[in-house]
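Participant: One letter stands for each residue in the lines below.
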Amino acid sequence: MSLIEIKNLRKEYLDVTPLENVSVNIEEGDIVSIIGPSGTGKSTLLRCINRLETPTSGSIIVDGVNVCDPDADLPAVRRKMGMVFQAFNLFPHKMVVENIMMPQQTLLGRSPAEAYEEAMEQLRLVGLEAKSRRYPNELSGGQKQRVAIARALAMHPKIMLFDEPTSALDPEMVSEVISVMRELAGTGLTMLIVTHEMRLAQEISNRIFFMDKGGIYEEGTPEQIFENPQKERTRNFIFRIRSWEYAFTYNTRDIYEMMASLTHFCTRQFKDSKAMRNCQLAVEELTTSCLLPAAEKEPDATVRLILNAGEKTRDVKLFVDYSGLKTPDDPFKGSADEISTAIMDRVMDRLEDTREGMAVYQIKK
Amino acid sequence: MRLFTRKTNHRRTALCILIALMLCLLTAIPAAVSAEEMSKPEYSKFSDLDGKTVGMLTGAPFEDLIKSRAPGVKEFQYFGAKADMQMALKNGKIDAMLLNNAVGVLTANNYHELALMPEPLGETDFGFAFNKGSVEKSRWQDAFDKIPEADRQNMWNKWTGTDESIKTIPEQSWPGENGTVRVASCDSLPPMSYRGDKGELIGYDIEMILLIAKELDVHVVFDGMEFSSVMPSVASGKALLGNGSIVISDERKETFDFVPYCPAQYVLMVRAAEDQPSQGIWPSLKTSFYKTFIKDSRYQMILSGLGLTLLIGVTSGFLGLLLALGLVFVRYKNRRGINRAINVYTSLVSGIPAVVILMVLYYIVFGKIQAPAVVVAIIGFTLIFGARTFGVIWNTVGAIDSGQREAALALGYSEKQAFREIIMPQVHPRCLHIVLAQFVSLMKETSVAGFITVLELTRAGDLIRSRTMQAFFPLLSVALIYFVLTRILLTLVKMLNQKLDKKRSARLVKGVD
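Chains as they are written, first to last, in the numbering used here: chain G, 1 to 365; chain B, 1001 to 1513.
Hints are all accurate, no fakes.
Heads up, simulated DSSO-like pairs for lysine-lysine below, C-alpha to C-alpha not over 27 Å straight-line: (1) B:1494 <-> G:94; (2) G:94 <-> B:1510; (3) G:213 <-> G:7; (4) B:1416 <-> G:94; (5) B:1368 <-> B:1132; (6) B:1444 <-> B:1291; (7) B:1167 <-> B:1291; (8) B:1198 <-> B:1214; (9) B:1333 <-> G:80; (10) B:1074 <-> B:1052; (11) B:1416 <-> G:158; (12) B:1499 <-> G:94; (13) B:1198 <-> B:1291; (14) B:1040 <-> B:1067; (15) B:1502 <-> G:94; (16) G:94 <-> B:1333; (17) B:1093 <-> B:1067; (18) B:1090 <-> B:1052; (19) B:1416 <-> G:80; (20) B:1040 <-> B:1158; (21) G:231 <-> G:7; (22) B:1499 <-> B:1510; (23) G:94 <-> B:1503; (24) B:1167 <-> B:1198.
Partner residues are not named here, just some residues of chain G that face chain B (Cβ under 7 Å, in silico): (25) 50; (26) 52; (27) 75; (28) 78; (29) 79; (30) 83; (31) 87; (32) 89; (33) 93; (34) 103; (35) 107; (36) 112; (37) 116; (38) 133.
Calculated directly from the structure, the hints in this document are not laboratory data.
The beta carbon of each residue, even a glycine, is placed where N, CA and C say it ideally should be.
Using the sequences and the hints, build the whole thing.
Facilitator: Below is the structure:
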């Protein structure tokens, strides 16, 4: 018997039905990453499993108990499943160690001394022993999330549910949470992870659910899903997460927003900070010294930038689509000053034009 | 440092306001003059009242009567207590006040800065008010008729005279085999019905009622109250009859039956014609202080008033808080019927002034039940405080992130456990100071309990005022007591907060350290 058996699960809200018909089994020791576009029921699926959401129909059997049964002892089933939330949800009025002790004392009847020992052990595992007497608001986001993981683990669950554990974190704190999860993956715990962190999904899971169209649209190993997706929507999604696109007109330009969005994309794609820096320099110089001066004459024309991190090859290409501009002159000739030209030459090479109104660059590594 | 300066400024502002208040009252200190003979009135003909303002007690509907004799009267003002009206007359806020002859003669005897107009407005009788169609009324009438005319005249002379020492009432020493009756009595209209030195009700009316009661062999319990509350008490059945030098009028006869017991006149009282020589400010302050606190141990009235205020405030604060927490708990279950019931309750209570709620409870809800007024006041303020506190706490519950509940449930807490151990502990510190501030205003608000005959602090001050006609010390001491009381409470709040902060920053783990 599987650890979690989901049969014909359906969840309707008043105006939308994120889960139409989901049936899947999850075995003990599985590490499942659930990926997909937003609004496709990834979190809903997770929250149905521990009944934070009530399914419209279908059944979910967790370790032999149907949680959809109205008479099910939900607190007992939930004790077998730890959950980690996007917003951490630590108890702000209690210190870190108390956050971990309290559920043990209330729900498992452990003495304060036992609970304290367990809490300190879990904190040691997530590297936060030294912060045990802090209040949650005195911690960084990454630290909070690690405390939340420790709190769930202190209850010794069979299953861990992660609902976008890194989405609320600043980019520099994502990796500390990911390392803890990576450690956890080695312990044989069953884990279900809803995430946008493709690196994490690829690295630690043995199964990937790609969710779309009201259910699990494609399922497979990380290799199957990331290297060789079979279905069209999966392919589009996987490709899209490898490319960054930004369109602006002179009148609606917001260079800071554009750069922030690029930085966000780069931190998820490149482990290598040089590649990231080169991408940023290339986009910034091209925009300020070539594209904006050219676009100023036609303030409503759209210019698009596309950065493609490539599928298998790690080639990074920057496409500049200036076909919206009516003047067909190449905007990259002569307008940039010496310093800008020098910077651009250092970070990228221009490739042969393939289409009218489109320039393609290869970002140097 | 800046914070400190600002705090001192606050304190200084409060002090300034207090001093300003004192000065205002100082100007209103009445001159204490010894009573010798009556003064001449400022206005002696009804036509002198053209364009003037006339005051009367609430519940004494005699506008038409006054207009029929003095058609030029510009407007009427209404007062809850005779003392206030008298003060207004003295200070020139009104130009004449309507009284009955008994009250009028005594007032003119005691206060030479006031005088009666020579001609009465009209003649009628004083009567004891019974509900329309009351069977008891004719028995009381028969018993009254047996009292000899000479005895009545002696009583009149005794109560309207200036010799205070003989103004006593008989003990209820008869067996009282025919039961006990309740009487609603005005407690501030000397000489007919007012409070004696020990707070007991005395007066011509009271003695007359006791004489009749002796004849009928019943015992009497007197409930003292404002004049305006007497008739409603009879109408609601709380009392068998009402007294307080009630003048029988056609309008009143429509709702009540009367046993007339004494001829009455409507008279108008005005200021005396010539200015009275006034004492210097310090001697008059001294007299005022003596009259307010020392004479007849009146400070005891203030103390027992304070006791009642504390009793009502603290009891209803505590019960109201329990009520609010109970409501929050059932509201959390989110059942539609219960939600609606709570909504109706809170919107009703918050939409009606406290004093009206108290009166509705006293005269209507508990109209037929002989619940002591203090108990009704506690019930009323419990309901009021409960509704307000519920609102504050429930809003705070709503402001707690829903993730807290979800995190608790996901860990395996039941809904009840999550509410009790995760949600509420976060709610308490957040709304503590608001709830306590509400409690402070509740303490002050209990001052309206006087409207349902409770002799709490404000009402005690009013009574002293009506006895002494001194506004300064009764008002000032009452104001000061409330002020000190709220300061103490606010200091306690501050200390409590500091203690909580200290506990939090100690970072001790319970059961481990």
